[in-house]
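A.B. asks: What follows is each chain in one-letter form.
2 protein chains.
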Amino acid sequence: MTEAWHNGPFMQAVRCEPAEHTPVWLMRQAGRYMAEYRAVRRHVPFIELCKTPARCAEVMLTAVERLGVDAAILFSDLLLILEPMGLGLEFTQGDGPVLHNPIREPADVDRLRELQTCDALHYVFDAVRQTRAALDPRLPLIGFAGAPFTLAAYAIEGGGSRNYLHVKRLMMTDAGAWNALMSRLARSVARYLVAQVEAGAQVVQLFDSWVGCLGVDDYRRLVMPHTRAVIEAVEPHAPVIHFGTGNPALLPWLREAGGRVLGADWRVPLDQAWAAVGHDRAIQGNLDPAVLLTTPAEIERRVRQILDLAGGRPGHIFNLGHGVLPQTPVENAVAMVRAVHEFSA
Amino acid sequence: MTEAWHNGPFMQAVRCEPAEHTPVWLMRQAGRYMAEYRAVRRHVPFIELCKTPARCAEVMLTAVERLGVDAAILFSDLLLILEPMGLGLEFTQGDGPVLHNPIREPADVDRLRELQTCDALHYVFDAVRQTRAALDPRLPLIGFAGAPFTLAAYAIEGGGSRNYLHVKRLMMTDAGAWNALMSRLARSVARYLVAQVEAGAQVVQLFDSWVGCLGVDDYRRLVMPHTRAVIEAVEPHAPVIHFGTGNPALLPWLREAGGRVLGADWRVPLDQAWAAVGHDRAIQGNLDPAVLLTTPAEIERRVRQILDLAGGRPGHIFNLGHGVLPQTPVENAVAMVRAVHEFSA
Chain A
1 MTEAWHNGPF
11 MQAVRCEPAE
21 HTPVWLMRQA
31 GRYMAEYRAV
41 RRHVPFIELC
51 KTPARCAEVM
61 LTAVERLGVD
71 AAILFSDLLL
81 ILEPMGLGLE
91 FTQGDGPVLH
101 NPIREPADVD
111 RLRELQTCDA
121 LHYVFDAVRQ
131 TRAALDPRLP
141 LIGFAGAPFT
151 LAAYAIEGGG
161 SRNYLHVKRL
171 MMTDAGAWNA
181 LMSRLARSVA
191 RYLVAQVEAG
201 AQVVQLFDSW
211 VGCLGVDDYR
221 RLVMPHTRAV
231 IEAVEPHAPV
241 IHFGTGNPAL
251 LPWLREAGGR
261 VLGADWRVPL
271 DQAWAAVGHD
281 RAIQGNLDPA
291 VLLTTPAEIE
301 RRVRQILDLA
311 GGRPGHIFNL
321 GHGVLPQTPV
331 ENAVAMVRAV
341 HEFSA
Chain B
1 MTEAWHNGPF
11 MQAVRCEPAE
21 HTPVWLMRQA
31 GRYMAEYRAV
41 RRHVPFIELC
51 KTPARCAEVM
61 LTAVERLGVD
71 AAILFSDLLL
81 ILEPMGLGLE
91 FTQGDGPVLH
101 NPIREPADVD
111 RLRELQTCDA
121 LHYVFDAVRQ
131 TRAALDPRLP
141 LIGFAGAPFT
151 LAAYAIEGGG
161 SRNYLHVKRL
171 MMTDAGAWNA
181 LMSRLARSVA
191 RYLVAQVEAG
201 AQVVQLFDSW
211 VGCLGVDDYR
221 RLVMPHTRAV
231 IEAVEPHAPV
241 IHFGTGNPAL
251 LPWLREAGGR
261 VLGADWRVPL
271 DQAWAAVGHD
281 RAIQGNLDPA
291 VLLTTPAEIE
301 RRVRQILDLA
311 GGRPGHIFNL
321 GHGVLPQTPV
331 ENAVAMVRAV
341 HEFSA
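Protein chains in written order, with our numbering: chain A, 1 to 345; chain B, 1 to 345.
Okay, chain A solo, but in the shape it has when bound:
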């Protein structure tokens, strides 16, 4: 039996097949910009929310219904995988995530343990199951994880970073330690994503959110082989959306690393991004999230512009170029989704 989601616009676009309208979702579509989410968070700290599957399902389903998007994504966090790998993770009020024992020196690398089984992350798979069970069967559920570089950067910097100096120093000075760390992350992430697929996700997104701080040569030599290892391990199970941001010059090499769908940010026009990753792949993007702080008229103008650049070619998934900003008025996000559906139908 073919499930309903299989022939919906989202999975059609993933396969570069024509669809009745351009599918759309928003990165971080369930989040602080939404009153219903803030109401939940008033009683539940972020990490507790991530570990309560019923709540994860609830906040995501609320967002999907409010926005009218074409896919749900697991409600979770990139960094949870680092906890069972041995890092002390905390989400501080306002300042974001902190890792209490970052990897700084080559000798620290062995403190990051490979995830041999994903049992410790049982709450994630429960969230996948509960979200899938409650979700409209016509909509796919997207699982996700951080790409090895972005996870390594968090593990080494110990939190947010401006110039990524610690991770670059380790990467540039000790290729042996670096490749050991990245291989361990790659194998762990691959297992984690396959387990999400087994729990009920139809497609997964690999977030390389911080990769744009790298030049092309460093990416190719020191990052690409590890990302490729993840994607090769996962794609027999489900298609991968490979998302990077911050450096359009990397797009051809993100393609080389793999992914059925490549995600691009707003720095590069959509047609140019698609040409860079090749028209045999689907493309996801790429409205500047700041546009959602303007007006419905301006949002419509820019949605139309991106759809024009896509030119009706099958294989476009509309999205922002990065996550929804907390300052976004929800009605503007709704206006964006409506405009994509209306102008592409």
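Honestly, the hints are just simulated from the structure, not real lab data.
Computed from a predicted model, the values in this text were never measured in an experiment.
Beta carbons are placed, not taken as given, at the ideal position from N, Cα and C, and that holds for glycine.
You may find that some hints are simply not true.
As the list claims (entries may be wrong) - Not the full set, but computed from the structure, chain A residues with beta-carbon under 8 Å of chain B: (1) ARG169; (2) GLY215; (3) LEU222; (4) MET224; (5) TRP266; (6) ARG267; (7) VAL268; (8) GLN272; (9) ALA290; (10) VAL291; (11) GLU298.
We have chain A; now place chain B onto it with these hints.
C.D. replies: Leaving out everything else, chain B in the frame of chain A:
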């Protein structure tokens, strides 16, 4: 009489003429990474240093001698021009610059007054004169200013920013107010740079340090005409180095805005950057500043790689892709300069 600097490697590269070696300097070459600079700063707050011409000359000459670079740059700050334009500027310890009365709404734009004369910035021109007088006559002195977008972003955000939401919101929602603000900045910056040339600078650099947060279409429509106005006003007086960072997709449009030399960051390989800006222009760049935190051997390897990509074509000025990081060991900066000279001779 032709001055000595005119036939040195730096000005030859600016004109895309063959030079005896590839000229090199570092953005922020006099700064916190240097013990001599920290010694001066122990007694003098940053803004006071900027307003004491003899000190400006001293810290720059010390850096030029210590590094053996092929050019000096005025010691100053991008934001000083905003003070006589009406913004309350303060450099706080550790947190960087703060503007106390940022422009937030279209109605605020008139608070930013056009700089009709540069008299209020007399200390800058004194610093140019004193640096020029004391500098080796074979080395050119580079003047500089912020590009209109980067100055507007500071004026609107009120300091550093992560997502540039205030500036993007104003830019995207009120083109009239935005263009009024940008025109006023462009005319002020042009006067300021011409005055630096008249005081003794041989070349000027326009820093669009924050422009990489923009996509191509916004840059072309809302920023490029204003940057072009600055460069067209200045180039009859001295060649302009036009530097942007953070988005390689902008390079062809930075070229359209103008500049005898285009500056590129490390996100894109040098040969690709040069092709994007055209071989009729000189190129400046583009070592990742993080490389200076590694070892002399790794620095040499990467210097050689960039020189190989330049391929001996006349018109390459070696530099970092952004300013020297405070954590940089001075001996590594010296090793970089030495490697550029040795490998390109």
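A.B. asks: Evaluate each hint against the coordinates.
C.D. replies: Verification of the supplied hints:
Interface hint at A/ARG169: satisfied, since its Cβ lies 5 Å from the closest Cβ of chain B, which is below the 8 Å cut-off. A hinted interface residue such as A/GLY215 counts as satisfied when its beta carbon comes closer than 8 Å to some beta carbon of chain B; here the least separation is about 4 Å, so the hint holds. For A/LEU222, the interface hint is violated, since its Cβ never comes within 8 Å of a Cβ in chain B; the closest pair sits about 12 Å apart. A distance limit of 8 Å between C-beta atoms decides the matter here; for A/MET224 the minimum to chain B is near 15 Å, and the interface restraint is violated.
Using the Cβ-Cβ criterion of 8 Å, the hint placing A/TRP266 at the interface with chain B is satisfied: the shortest such distance is roughly 4 Å. Hint on A/ARG267 holds. Least Cβ distance to chain B is approximately 4 Å, under the 8 Å limit. Here the hint on A/VAL268 is kept, as its CB sits about 4 Å from the closest CB of chain B, short of 8 Å. Taking 8 Å as the C-beta contact cut-off toward chain B, the hint placing A/GLN272 at the interface holds, the least distance being around 7 Å.
Here the hint on A/ALA290 is kept, as its CB sits about 4 Å from the closest CB of chain B, short of 8 Å. For A/VAL291, the interface hint holds, the least distance from its beta-carbon to any beta-carbon of chain B being 6 Å, beneath 8 Å. Nearest Cβ of chain B to the Cβ of A/GLU298: about 6 Å, under the 8 Å cut. The hint holds.
Of the hints listed earlier, those the structure fails to meet are numbers 3, 4, in rising order.
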